[in-house]
Amino acid sequence: DTGVSQDPRHKITKRGQNVTFRCDPISEHNRLYWYRQTLGQGPEFLTYFQNEAQLEKSRLLSDRFSAERPKGSFSTLEIQRTEQGDSAMYLCASSASTGAGANVLTFGAGSRLTVL
Amino acid sequence: AQKVTQAQTEISVVEKEDVTLDCVYETRDTTYYLFWYKQPPSGELVFLIRRNSFDEQNEISGRYSWNFQKSTSSFNFTITASQVVDSAVYFCALIPFSGGYNKLIFGAGTRLAVHP
Chain A
163 DTGVSQDPRH
173 KITKRGQNVT
183 FRCDPISEHN
193 RLYWYRQTLG
203 QGPEFLTYFQ
213 NEAQLEKSRL
223 LSDRFSAERP
233 KGSFSTLEIQ
243 RTEQGDSAMY
253 LCASSASTGA
263 GANVLTFGAG
273 SRLTVL
Chain B
84 AQKVTQAQTE
94 ISVVEKEDVT
104 LDCVYETRDT
114 TYYLFWYKQP
124 PSGELVFLIR
134 RNSFDEQNEI
144 SGRYSWNFQK
154 STSSFNFTIT
164 ASQVVDSAVY
174 FCALIPFSGG
184 YNKLIFGAGT
194 RLAVHP
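Here the protein sequences line up with chains A and B, keeping their order.
Following this note's numbering, the numbering of the first sequence begins with 163 at its first residue and continues without gaps.
Following this note's numbering, the numbering of the second sequence begins with 84 at its first residue and continues without gaps.
No lab work stands behind these hints, which were simulated from the structure alone.
Keep in mind that this is a model prediction, so the values were computed, not measured.
C-beta atoms are modelled at their ideal positions from N, C-alpha and C, and glycine is treated no differently.
Take every hint as true, because none was put in to throw you off.
Below, computed lysine-lysine pairings styled on DSSO-like, alpha-carbon distance capped at 30 Å:
# : chain 1 : residue 1 : chain 2 : residue 2
1 : B       : Lys186    : A       : Lys233
2 : B       : Lys86     : A       : Lys219
3 : B       : Lys121    : A       : Lys219
Just a few of them, taken from the derived set where beta-carbon distance is under 10 Å, the chain B residues facing chain A:
# : residue
4 : Val87
5 : Gln122
6 : Leu128
7 : Arg133
8 : Phe189
9 : Gly190
Not everything, but these chain B residues come out facing chain A in the computed CB check (under 10 Å):
#  : residue
10 : Ser125
11 : Gly126
12 : Phe130
13 : Val172
14 : Lys186
15 : Leu187
16 : Gly192
Next up, chain A with everything else stripped away, as it sits in the complex (with noise of 0.2 Å):
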């Protein structure tokens, strides 16, 4: 397994546009969990999946975004009418919920997004 995968790494749009990151977890692992890091800051929750299923949503998160999971396995982040203050890291990291590695997160390299 090479871990947690997230594409594109590095992001740049005009303010106003759209955009989608991926997030490929460790495949023996059924929680998936979006994370927001700007500069000088620890990661910030955004939402986690349980499997398919999209269990709790911070209010970080506007009507702006949505994150999707549809089968289970990848998961989408999707910014709409982005704006200056969406710049940021968007990290994605998977675990477990049973088991010895049970609530360790494993975090991808992460998607850096930058708004002019």
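Starting from the structure of chain A, add chain B where the hints point.
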């Protein structure tokens, strides 16, 4: 409140010095997990340790050691004989039991610079 505080924003040491990174947490839960993650310049968060709230034994792994004290709500991390490769941002994090261990709450991080 569920919160993690890392009061040290930046620490600078010379190689071979010992350094302790402080972490104080707040939670209303009696059952929780505590974590430390390392974020090197490459950006990918790397898991270092997970500690159950019922296990206050200190842990040592090579040059790394962790001191968990429930009485002071602290989970401090010590690097012995620091090396340049230890330069990174270190995050302390908390997963409370409430809600099913589904949200990892990070502190703001401590940037450690180890100089030769």
